[in-house]
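Protein sequence lines correspond, in order, to chains V and H. With my numbering, letter number 193 in the first sequence gets 193, and the count goes up by one each step, no holes. With my numbering, letter number 77 in the second sequence gets 77, and the count goes up by one each step, no holes.
Calculated directly from the structure, the hints in this document are not laboratory data. Check each hint, because a few of them may be wrong.
Since the list gives no way to pick out one identical chain from another, each pair is judged satisfied if it fits inside one copy or across any two copies.
As the list claims (entries may be wrong) - With a cut-off of at most 27 Å between alpha-carbon atoms, the simulated DSSO-like pairs for lysine-lysine come out as follows: (1) 210 x 245; (2) 245 x 272; (3) 49 x 124; (4) 43 x 168.
Quick caveat: nothing in here was measured; it's all calculated off a predicted structure.
Now for the letters of each chain:
2 protein chains.
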Amino acid sequence: MAMFKIPDHQVAGHQASNGMIGPLIDDSGLFFKPLQKDDRGSKEVAFYKSLFSNTSVPDNIRAFFPAFHGTQLIPASDGSGLHPHLVLQDLVSSYVNPSIMDIKIGSRTWYPQASEDYIQRCFKKDRETSSLALGFRLSGLQIHVSQKVGYWKPERRSLQNLSAEDVKLILKKYVSSNAPDSDADEPDCVFASSVYGGSNGVLAQLLELKTWFEDQTIYHFYSSSVLMVYDKETTLETKSNAAIKLVDFAHIVESGGVIDHNFLGGLCSLIKLISEILSDGHNCPAKTCPPCSDEDSNGNNHR
Amino acid sequence: MAMFKIPDHQVAGHQASNGMIGPLIDDSGLFFKPLQKDDRGSKEVAFYKSLFSNTSVPDNIRAFFPAFHGTQLIPASDGSGLHPHLVLQDLVSSYVNPSIMDIKIGSRTWYPQASEDYIQRCFKKDRETSSLALGFRLSGLQIHVSQKVGYWKPERRSLQNLSAEDVKLILKKYVSSNAPDSDADEPDCVFASSVYGGSNGVLAQLLELKTWFEDQTIYHFYSSSVLMVYDKETTLETKSNAAIKLVDFAHIVESGGVIDHNFLGGLCSLIKLISEILSDGHNCPAKTCPPCSDEDSNGNNHR
Numbered sequence: 001m002a003m004f005k006i007p008d009h010q011v012a013g014h015q016a017s018n019g020m021i022g023p024l025i026d027d028s029g030l031f032f033k034p035l036q037k038d039d040r041g042s043k044e045v046a047f048y049k050s051l052f053s054n055t056s057v058p059d060n061i062r063a064f065f066p067a068f069h070g071t072q073l074i075p076a077s078d079g080s081g082l083h084p085h086l087v088l089q090d091l092v093s094s095y096v097n098p099s100i101m102d103i104k105i106g107s108r109t110w111y112p113q114a115s116e117d118y119i120q121r122c123f124k125k126d127r128e129t130s131s132l133a134l135g136f137r138l139s140g141l142q143i144h145v146s147q148k149v150g151y152w153k154p155e156r157r158s159l160q161n162l163s164a165e166d167v168k169l170i171l172k173k174y175v176s177s178n179a180p181d182s183d184a185d186e187p188d189c190v191f192a193s194s195v196y197g198g199s200n201g202v203l204a205q206l207l208e209l210k211t212w213f214e215d216q217t218i219y220h221f222y223s224s225s226v227l228m229v230y231d232k233e234t235t236l237e238t239k240s241n242a243a244i245k246l247v248d249f250a251h252i253v254e255s256g257g258v259i260d261h262n263f264l265g266g267l268c269s270l271i272k273l274i275s276e277i278l279s280d281g282h283n284c285p286a287k288t289c290p291p292c293s294d295e296d297s298n299g300n301n302h303r
Numbered sequence: 001m002a003m004f005k006i007p008d009h010q011v012a013g014h015q016a017s018n019g020m021i022g023p024l025i026d027d028s029g030l031f032f033k034p035l036q037k038d039d040r041g042s043k044e045v046a047f048y049k050s051l052f053s054n055t056s057v058p059d060n061i062r063a064f065f066p067a068f069h070g071t072q073l074i075p076a077s078d079g080s081g082l083h084p085h086l087v088l089q090d091l092v093s094s095y096v097n098p099s100i101m102d103i104k105i106g107s108r109t110w111y112p113q114a115s116e117d118y119i120q121r122c123f124k125k126d127r128e129t130s131s132l133a134l135g136f137r138l139s140g141l142q143i144h145v146s147q148k149v150g151y152w153k154p155e156r157r158s159l160q161n162l163s164a165e166d167v168k169l170i171l172k173k174y175v176s177s178n179a180p181d182s183d184a185d186e187p188d189c190v191f192a193s194s195v196y197g198g199s200n201g202v203l204a205q206l207l208e209l210k211t212w213f214e215d216q217t218i219y220h221f222y223s224s225s226v227l228m229v230y231d232k233e234t235t236l237e238t239k240s241n242a243a244i245k246l247v248d249f250a251h252i253v254e255s256g257g258v259i260d261h262n263f264l265g266g267l268c269s270l271i272k273l274i275s276e277i278l279s280d281g282h283n284c285p286a287k288t289c290p291p292c293s294d295e296d297s298n299g300n301n302h303r
């Protein structure tokens, strides 16, 4: 019989604790997400079924979503008996010490068809968090610091209402080797080029998603997240193991023949900040950078 | 002494009529826009001054804006005496029979710093119009039909709350030679490829703007419009005379280091609809299109 356990590396969403129902994982790389009792659960199931049967979704795009293995009745994490769960790929099971960021995309988390009560609650939250200004908000983070220290996992609340500059600092800490909880040290960004850059890195993956969002008029994604994962330990030895995935689909609606401009705008905003970190290479890490004064703004060296 | 007159070809914005103050033009190609009395007037002046002095705005982008010639006290259109006016380029003075579309960009026309009253009014209007769903709304239109018939100029209200399909129909009528007020005939789209397509057409110009909006963190544009103009009479004889301009800058705010994801999203939504019309070429005009069955999806002809 399969053994279920509470995931070690969940950074956002409902978590199993204090008698609350939350997701479970098993040893074979599966992630069991309890179906929410209102229509959110059935909507998320319907979305996964649609996504994995719709032939107009390109394979390279389907790969950004967790693999879907239907639904299953398993014992709930709160001990309340059997409960239906979505059976999904556990996105972090192949990582030893995953550094994870959950970024809820869109300046607006509500959709026109929602109830007025839901719209007003989201409207308020979007204004109180960075969603409105940045087009996204951070909704979860853990950074692996070292075997000795373990993970830096700031309070979710402290992440939700950051300025562009603050988010950029977090995005730098995410790819740095020095202690992320210290504000004294500039993040060294030693993993920036291997995690964010390169033909297989985070930026390339986000741009691939962007190209699809500029064109697709199948789904509109509200309150969905981009999940960014990588493993520091193996990043320098091998090529990048950074992965971008999309998660949380309880609020997907039909497009009405229009692109998802709300998601696309937020995605482009995130892309811009990550691009800036890559092109700001001179600031971080400063130690290993040669003098720049002989270079003009095009990067041409006149010597 | 300069002679001022009421413009023939204004499709959106406050118009001079019934004792209301509105813009004026002169014979030399200038457009005089009365400064609005609250801070909107001074904000628009400040924006133009900033735009034309900010060296980080590329010249190709500055060309999308009306040329700015300062402010001037001239007699108001309502006869109420001297009033300060923005002195701008008259964007349509070089066209004999301009077909014009005014498209207010952004699913959200309000900005966080605005008053709560203003936010609530815009929030309501954005939900009541197509802004929320499409990421833009049509706020003015005139299509030149023929010398005999003159212009088709639908009521503004009838344009503001269209579905994606309805907007696409308007965008087709805009580049068609047959009567736009008839719903019986399919628009023939004879001007589609010369106006929307080509290296200098509407789509190319919108993509040039999009590239800038993906990168610029100088301004956020709320309630600004994309103005599309061309002249049917000369379009078939010469190369495209279609122009894309940006207008209305009473609600420009600083970026906070973030791209204008709200404007960018709406712009991409418009771009997608225009791209579809160009790639739907087979539907319109069907009569002049050769059989397509020998072409593969890449447009390669195997004969």
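Hints and how they fare:
1. In this assembly of identical chains, residue 210 and residue 245 lie within 27 Å of each other by CA distance both inside one copy and across copies; the values are 13 Å within and 26 Å between.
2. In this assembly of identical chains, the alpha carbons of residue 245 and residue 272 lie at most 27 Å apart whether taken from the same copy (18 Å) or from different copies (25 Å).
3. In this homomeric assembly, residue 49 and residue 124 never come within 27 Å of each other (Cα to Cα): the closest approach is 32 Å inside a single copy and 35 Å across copies.
4. In this assembly of identical chains, residue 43 and residue 168 lie within 27 Å of each other by CA distance neither inside one copy nor across copies; the values are 34 Å within and 30 Å between.
When the structure is compared with the earlier hints, violations turn up for hints 3 and 4 and for no others.
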